[in-house]
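**Student:** So you can see what is in the structure, the chains are spelled out below.
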Amino acid sequence: MVAVAQHPNIKMYTYAEIEAVSGYIGNFTVTIRRKAKYVDWDKCNGCGTCETKCPSKNIKNEFDLGLGTRTAIHKAFPQAVPNKPVIDAENCRKFKTGKCGVCEKICPTKAINFEDKDELVTENVGAIVMATGFDLFDWTETYGEYGYGRFPDVVSGLHFERLVNASGPTGGKIKRPSDGRIPESVAFIKCVGSRDDTKGKTYCSRACCMYTAKHAMQVKEKIPGSEAYVFYMDVRTAGKNYEEFYQRGVNAGVKYIRGRVSKIYPRGDKLVLKSEDTLLGRPIEVEVDMVVLATAMVPARGSAELAKLVGFSTDKDGFFQEAHPKLQPVETFTGGVYLAGACQGPKDIPDTVAQASAAAVKVCGLFSKPELATQPMVSEVEAGKCSGCEFCVPICPYKAITMKAIQERGHGGVIERRVATVNEGLCQGCGACVGACRSGALNLKGFTDEQIVAEVDALCL
Amino acid sequence: MKRVGVFVCDCGTNIAAVVDTERVAREATEMPGVVFATTYKYMCSDPGQDLIKKAIREHNLQQVVVASCSPRMHENTFRKAIADVGLNPYLFEMVNIREQDSWVHADKEQATRKASDLVRMAVFKVLKNKPLQTGTIPITKRALVVGAGIAGMQSALDIAEAGYEVVLVDREATIGGRMVQLDKTFPTLDCSA
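Protein chains in written order, with the working numbering: chain A, 1 to 461; chain B, 1 to 193.
This is chain B alone, in the form it adopts within the complex:
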């Protein structure tokens, strides 16, 4: 059996006010493969990440589960942290016990049970995770800008100034868009053309 570590985040009181994170961590230690489980106030903070890294080294963890916020927020943060100590960043699962639990429930008992269930699902899944490798693709370093109003012109100029080629397309015969139809512009009342 692989060695799994579970890290439950309080997110200040965002999670801990509704979910008994201590209990979630305690229950996690009963789950298959879990050799280490703990809580921390802000798992995404530097000390939080250090805690994860230290635990990976000390407990020789092979798979990591973090129960905290939406993966849209910090999945990359934690992937980087575990990659720092040599683990494949995809031997990791993130459990959302904030947006999908503490923020939408009021009953502490039920919310805590839900958090435990979500963590158990992630533990079962992470045991099946395989290391994944990122590939690379080439980049054509030219940009297309669609629309040559003030927005398109500004973008095109900035990109062109940075040294890249820009293809600027407008359906009208002239560039300028709406801006050139205007007279003076607020709040400085300078000419818009």
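Next up, chain A with everything else stripped away, as it sits in the complex:
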């Protein structure tokens, strides 16, 4: 992270979103919205005094998935990069009541600015790498048998990561969210939302088998004498050293039970899991202190809108669509737009890093050429035939058609009229405009009406 922040060739815009993208491969213009932070990061030295004095406390910390609390002026976590805070206006007392401004008074560098506004900046780039990652499937909406999120000690794998993380809300101690007690037994349920076409997603989320093995091992390691149960459909360990890692867990005493948990219900302060052990072929019941669900990866919120904005397609599950599943896994159908990581489909870290480097190489490959050859099979307008109806303009999915004024001789003088014109850099040769053109002025080079008619003749005559 620090390497990224300090790299002279990298310009970071954090707390910022893509507002608009126009242009085409080699020549994109991107508008970026820098959201109001209410802290002047040029002045702020990251001392953190404001966070300690902010009276708007006990706000659920999103970074810890609500397991910990934060103040209104806050950094996501102590090692944040850049190590500067933002004010969450929704929860800030100054914004809510107009009174407060404690942070402003105590800030030693006078960095607080309650007047801060969103700012739009424009950047010109030649290539775009999409790396927007994933969110976790919201199991609380659908999995009634696991309590719809009513039991505080049934958490997701990411919650568990925060609990076991030394910089997390418990300082790395695995504690039950309900009473802070260290659990003596933890059950893990895999494929919650994954491989479940009735309630969740049809696909396998790929990373869960391995992180569940890791979690179970961490339970065994951090809590002496504890029990860890893993309920699974299959154990998928297709990766270098993955099977060995899983075996380590089994050898450490993690109990793997093949079966889907059909119900979780409380008994005293414990949770009871009802399942079937399909290897034994009989129903079983396990009583534990805590349950961790390996929930499916889904596209990050806002992915679909972003894909539309940048101008490429998504697949049936909302992940970004690669140009070819085997041969072009990093490209999109839009020239100059590449994919990296879980935005293209569920992935673990080694695969993500590999794809990210692959995307980088694609970008560098593009940049290594002095200029870009365009494919010549693009639309062209025969200006004399164009009636200027503008039907083709909204039809074009690549915004390649605009209208221009031309001057023509006629009726004993010169008349000016508007005709369509095609930007050859933007045109992808899809032919949508040709079909829409009522006056026959548009033709796709290499697929002219004359050529298509010849083909039809060949078949019919």
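Please keep in mind that the hints were generated in silico from the structure rather than gathered at the bench.
Only a predicted model underlies this, so the values are computations on that prediction, with no experimental measurement involved.
Hints are supplied without guarantee of correctness; some may be wrong.
What the hints assert, rightly or not - As a list, the in silico DSS-like pairs of lysine-lysine whose alpha-carbon atoms are at most 30 Å apart: (1) K263/A to K60/A; (2) K201/A to K184/B; (3) K255/A to K184/B; (4) K399/A to K141/B; (5) K326/A to K128/B; (6) K445/A to K53/B; (7) K110/A to K53/A; (8) K114/B to K128/B; (9) K445/A to K184/B; (10) K173/A to K110/A; (11) K57/A to K43/A; (12) K130/B to K445/A; (13) K184/B to K220/A; (14) K445/A to K54/B.
Unchecked claim - Chain B is nowhere near these chain A residues, computed Cβ spacing over 12 Å in every case: (15) L158; (16) R176; (17) S185; (18) R282; (19) Q321; (20) T402; (21) I415; (22) R418; (23) A432.
Unchecked claim - Which stretches of chain A does chain B cover? Using the computed rule of at least three CB atoms under 8 Å from a CB of chain B, they are: (24) 73 to 81; (25) 160 to 169; (26) 353 to 362; (27) 444 to 451.
In this text, a Cβ means the ideal position worked out from N, Cα and C, and glycines have one as well.
Got chain A; can you put chain B on it based on the hints?
**Tutor:** Here is chain B on its own, set in the frame of chain A:
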């Protein structure tokens, strides 16, 4: 009339097991403009491409039709091959008799007839093909990376290390994404932050 050459690919047995490629080539010689037609086991291979190049020179071909797989596979391969011997690469048509014929049909007679029909369409079309020229557009040598998780950071660093400027955007106030929320990571159990 322009001089057309037709090259029918067996694709090992991918095409030849269902389509009688010899017959397709034979029937092609009856089509308007066709002065040469032949088959070969793998038209995309080096010897296959050499065969096309040699035929262009020997028979003074002006237009080329290759009946083989999907143009997504080898259109560029064949365009380059014919450009090597001085033909405009767009005086070329590719006919997909694999994905759209041999792979989806079982009846040899009908599949062969379909292949012949597809080749005839391409021959009629290629006679109307005109030389096309590629243009050039400038490239802005800066990249945008959207998302600063492990994927975005890795991409940004690699591109930046190669000497190009990168604009890295994340909607959160900090970079790191999901990765920094994690504790240790498999299979090496090293720290993720």
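**Student:** Hints numbered earlier in the text: which of these fail when held up against the supplied structure?
**Tutor:** Those not satisfied are hints 5, 9, 10 and 15.
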